[in-house]
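K.L.:
Listed below are the residues making up each chain.
Protein chains: 2
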Amino acid sequence: MPTYKAPVDDTLFLLNDVFHLDRYGNLPGFGDASPDVVEAVLREAAKFSEEVLTPLNRVGDKEGCTRHPDGSVATPTGFKDAFKQMVEGGWIGISVPAEFGGQDLPATLTVAVNEMLCSANMAFAMYPGLTQGAIAALLAHASPELKKKYLPKMVTGEWTGTMNLTEPHCGTDLGLLRTKAVKQADGSYQITGTKIFISAGEHDLASNIVHLVLARIEGAPAGTKGISLFVVPKLTVKDDGSLGAPNGVSCGSIEEKMGIHANSTCVMNYDGAAGWLVGQENRGLPAMFTMMNEARLGVAVQGLALSEVAYQNAAIYAKERLQGRALSGAKYPDKAADPIIVHPDVRRTLMTIRAFNEAARALVLWTALKGDIARRSEDGKERQSADDYMGLLTPVVKGVLTDSGFANTVMAQQVFGGHGYIAEHGMEQFVRDARIAMIYEGANGIQALDLVGRKLGKDGGRALMAFINEVGGFIKEKSADDGMKPYVTPLGVALGHLQQASMWFMQNAMAKPDNAGAGATDYMHMFGLVALGYMWCRIAEAAIAHAKTNGAGHRMSAKLTTARFFMERMLPETAAHFARIQSGAGSTMELPDEAF
Amino acid sequence: MPTYKAPVDDTLFLLNDVFHLDRYGNLPGFGDASPDVVEAVLREAAKFSEEVLTPLNRVGDKEGCTRHPDGSVATPTGFKDAFKQMVEGGWIGISVPAEFGGQDLPATLTVAVNEMLCSANMAFAMYPGLTQGAIAALLAHASPELKKKYLPKMVTGEWTGTMNLTEPHCGTDLGLLRTKAVKQADGSYQITGTKIFISAGEHDLASNIVHLVLARIEGAPAGTKGISLFVVPKLTVKDDGSLGAPNGVSCGSIEEKMGIHANSTCVMNYDGAAGWLVGQENRGLPAMFTMMNEARLGVAVQGLALSEVAYQNAAIYAKERLQGRALSGAKYPDKAADPIIVHPDVRRTLMTIRAFNEAARALVLWTALKGDIARRSEDGKERQSADDYMGLLTPVVKGVLTDSGFANTVMAQQVFGGHGYIAEHGMEQFVRDARIAMIYEGANGIQALDLVGRKLGKDGGRALMAFINEVGGFIKEKSADDGMKPYVTPLGVALGHLQQASMWFMQNAMAKPDNAGAGATDYMHMFGLVALGYMWCRIAEAAIAHAKTNGAGHRMSAKLTTARFFMERMLPETAAHFARIQSGAGSTMELPDEAF
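Residue numbers (the working numbering), protein chains in the order written: chain A, 1 to 596; chain B, 1 to 596.
If you're looking for bench data, these hints aren't it; they were derived computationally from the structure.
Hints may be right or wrong, so weigh each one.
[Said to hold, decoys possible] Result set (SDA-like, lysine to any residue): computed pairs, CA atoms no more than 25 Å apart in a straight line:
#1 A/Lys-319 - B/Lys-62
#2 A/Lys-80 - A/Gln-103
#3 A/Lys-62 - A/Ile-217
#4 B/Lys-319 - B/His-554
#5 B/Lys-335 - A/Gln-103
#6 B/Lys-62 - A/Pro-28
#7 A/Lys-319 - B/Pro-592
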């Protein structure tokens with residue numbers, strides 16, 4: 001049975017020592033996020049994750065969700081009680097404005113908490129996670145009446161939320177969607193259609209479920225410009241806030257899938273269900289896109305979270321499992337064999353995952369902080385620059401953290417040998433659960449295309465230039481500092497690759513867009529390596545400063561070793577990405593479709 | 001529901017045009033393998049795989065095996081009938097000497113057939129596959145009496161075989177094993193102990209199961225030098241060959257695991273079971289090792305097989321699924337959207353898998369051919385050189401083909417988007433099934449260590465030198481040929497990396513073995529890339545020759561494009577591997593064990 005210990009100290013180190021959260025006290029809401037409040041929230045979330053959610057993870061996988069003939073769906077044993085505790089803890093609304101019952105704390109903190117929930121029990125964490133996404137959509141676009149009607153109970157978690165985009169014939173290409181909305185005399189709409197892959201679409205954790213549904217209003221244009229967003233509650237809500245009759249929406253079936261068994265993935269049938277327009281007619285897709293960044297960051301966190309919990313269990317196993325002897329001679333001669341952590345290949349595996357996890361955690365917190373600034377700053381220029389950063393980094397963070405997060409669960413499973421393949425150890429569940437994060441909220445190939453096709457050139461490349469200047473500036477500033485050289489020198493090389501690759505796209509993809517498409521995934525991963533490398537430099541800087549103030553300790557010196565491992569063994573991959581990008585679309589696109 | 005079409009034409013092209021099987025007609029048994037016999041065998045195996053085994057793959061995954069309270073194990077619906085057809089087809093013994101009922105055809109052909117069986121239904125194919133492994137062990141080491149008693153019925157498949165190595169506390173480190181053997185007056189032994197992870201340990205497909213068991217004879221030395229190999233039948237076999245009483249061996253439980261559900265992975269309890277010594281006392285481990293190469297090649301084939309079937313289904317889906325438009329404008333304007341195969345990132349995915357599959361198939365056939373030569377040649381020097389090759393390439397082929405095979409199933413699954421995560425499409429099963437191949441028959445980290453720690457330096461590096469000379473000689477020979485330049489020039493660069501990395505180990509790992517251990521996995525993958533690159537050069541050479549004789553056709557020109565893709569996009573990775581190797585063990589080994 002896997003265990004989990006939330007990385008509270010590491011998160012605090014990042015927030016306090018690396019990113020200096022205290023410097024953002026002027027942002028609305030950040031004043032309340034004093035170091036002791038932040039620490040208290042994290043320690044409480046850690047306790048809930050470790051003690052309540054972790055033990056339910058295997059149970060949830062084994063039992064899965066059950067759809068009854070009446071269309072109701074039961075979650076696994078223990079989930080109802082755990083969700084009740086979630087509601088009582090007020091976890092869903094920690095970053096929601098106080099007027100709707102939230103605590104108005106930075107979204108950065110929500111991201112840190114969500115990592116813990118996902119590590120402990122990803123399938124469970126999706127229920128509150130999707131509710132947070134629906135809350136964000138309503139906050140941004142719904143009328144005051146709709147907000148007042150739905151938000152307070154969603155913020156507590158008494159009601160949960162969902163996102164309904166995909167249909168059987170359309171996922172990525174939402175322009176093809178067919179779900180219909182017919183306007184009624186009272187201003188509401190009748191929604192009819194079938195949605196698939198609806199996470200948390202039906203369950204027994206909440207008294208109501210608030211579906212956000214994309215549909216096409218009768219007579220609206222074809223394609224993406226005729227799509228509107230609606231709120232469709234499972235049970236209608238009366239004007240006094242009490243629950244009314246069932247609405248015409250039901251769960252037709254739940255999917256049998258590779259992982260996240262404890263989250264119900266539903267086919268949802270809308271049969272003339274009453275819905276209310278969120279935002280403007282035909283502007284449903286842009287409305288969805290405004291919260292895409294947060295949603296994608298949330299999925300990136302899942303990649304990190306599973307990588308972290310898989311790492312922890314692999315490290316424990318590697319220290320316990322006795323097998324063979326160290327290459328340089330027995331290291332624990334009193335034991336029947338050495339623990340497998342003495343073997344360089346096991347070390348390499350653990351170091352690779354660890355070097356990813358710490359930098360990835362920094363990157364999601366840093367990106368979330370930019371999101372907070374973009375939403376909360378009173379300085380327009382600061383908002384714009386933070387928003388640029390968020391837009392540029394979102395596809396990178398989503399694509400890279402979920403690809404690597406999955407790969408890391410596979411590596412951690414490998415440390416267990418044959419035992420990793422057996423369900424009871426829980427390692428194979430991490431692999432199966434992590435796999436979905438590469439797919440949903442925009443498959444990673446789409447993230448890469450979003451980055452290369454949309455974000456790079458946006459506003460004349462303003463966001464990219466700002467990123468390159470920030471990283472380049474940091475390197476320049478530190479290049480004379482002997483303590484920082486081992487980190488900034490390799491980062492300089494990698495940044496050079498990123499600049500050259502960006503240039504290559506500018507020169508070669510205008511006339512032939514396939515040249516960008518064929519290199520998009522490599523570019524995204526190269527970008528991710530540079531961003532993670534930059535985070536390691538920031539961490540190294542803080543670790544050196546921390547050691548100066550508090551004396552050199554094992555924890556800080558481990559960070560420096562891990563930073564060096566990243567620079568020596570992971571960052572050099574940018575060269576291979578660059579070589580692939582430069583090969584262009586030629587051999588990739590040459591064969592006729594029939595040849596496949 | 002996934003489909004499968006066996007790659008008969010590609011296999012024939014490799015055997016005939018690339019490797020010129022006809023040139024080996026002087027090897028015993030090869031004379032019978034005329035081109036028409038080979039083709040007939042492959043077409044028949046293809047039919048059986050496509051029509052009988054493929055439809056049972058999902059069924060097998062869904063139902064799994066069931067252990068009844070009496071210890072008997074039922075295989076999934078349809079497996080018994082399919083296995084009966086397997087026996088009737090004589091598939092198990094196609095490469096077994098005629099005196100035991102086999103057809104004495106090249107093992108190369110068995111490898112080609114096994115790829116098809118594994119693509120169609122890996123969990124099923126393991127039952128005959130393990131039987132073939134047990135046959136090989138008995139052929140190599142058993143006394144004439146034991147051979148006569150067991151082999152004929154195993155060769156038909158009336159009885160199946162297993163390998164019993166692992167115990168709860170020992171997998172890789174067999175020196176720790178505890179299963180006991182006590183000699184009896186009649187020359188037999190009483191075997192007592194518990195074995196785990198025993199594939200096909202108990203089932204209902206055959207009337208008897210012949211277990212090969214590693215155990216320690218009472219009084220034998222501790223460690224690996226006190227291990228002996230025994231044959232322990234499920235039902236004892238009377239001298240007239242008829243079945244006698246049940247032996248003291250039973251299936252204690254079957255494991256719940258990530259994949260290959262249709263193969264029963266058993267805990268086997270030996271409770272004073274009667275066993276007979278195979279080979280010499282205390283020489284069990286070397287006996288096992290003599291058939292390790294074939295067993296590992298068999299697992300490598302599983303990696304290729306799942307990559308192939310996953311590719312085929314992803315290619316079909318990519319041509320059918322309509323979503324979005326080509327970057328350069330609609331390619332199928334009459335359809336609601338373009339099929340996703342127009343997107344460069346989807347193409348990149350398909351080309352990557354395909355460029356692996358064709359070269360990997362060449363590599364396993366080529367390695368198997370070396371195995372045939374090592375066993376059958378009458379020229380001692382030829383036998384030695386083939387054996388060297390086999391020994392050197394086995395860890396590379398096992399490690400690289402299963403790592404990449406798994407990664408390719410993940411990539412193929414990604415092409416399906418959300419549908420790839422749903423069980424009914426079958427793509428997620430390929431991922432789960434492929435995962436085990438990286439673990440069993442020596443986890444891939446062990447393969448890398450075997451390569452670097454054992455095979456490189458063996459006999460003064462004779463095998464490595466021979467490989468480098470063969471590849472280097474080929475490059476030199478073709479470097480003046482303009483048609484071959486696009487393939488041999490990049491291979492020369494990669495071969496250079498391999499040579500330099502080998503040199504680096506010689507210079508840096510003698511004094512500090514961890515320097516080899518920390519680079520072992522990178523070296524194995526670098527070696528794999530060079531070997532696959534060499535295969536692509538051989539294929540390109542044959543494709544150009546074929547086109548000259550038969551006229552340029554789509555099939556041959558697709559091979560040249562795919563070879564170029566490999567050279568441009570996959571081979572350059574050797575540089576990143578080399579960079580990692582050169583970084584040595586420093587940051588990998590620096591942290592104390594407690595820091596993890």
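K.L.:
With reference to the structure, classify each hint as holding or not holding.
P.N.:
Against the structure, the hints come out as follows:
Taking the CA atoms of A/Lys-319 and B/Lys-62, the gap is about 36 Å. The hint is violated against a cut of 25 Å. With a C-alpha separation of about 24 Å, the suggested pairing of A/Lys-80 with A/Gln-103 holds against the 25 Å cut-off. Between A/Lys-62 and A/Ile-217, the direct Cα distance comes to roughly 41 Å. Violation of the 25 Å bound is thereby established for this hinted pair. Under the criterion of a C-alpha separation no larger than 25 Å, the hint pairing B/Lys-319 with B/His-554 is consistent with the structure, at around 18 Å.
The suggested pairing of B/Lys-335 with A/Gln-103 is violated, with an alpha-carbon distance near 50 Å, which exceeds 25 Å. As the CA atoms of B/Lys-62 and A/Pro-28 are separated by approximately 54 Å, the hinted pair breaks the 25 Å bound. Of the pairs offered as hints, the one joining A/Lys-319 and B/Pro-592 holds, with about 11 Å between alpha carbons and a cut-off of 25 Å not exceeded.
Checked against the numbered hints above, the structure violates hints 1, 3, 5 and 6; every other hint is satisfied.
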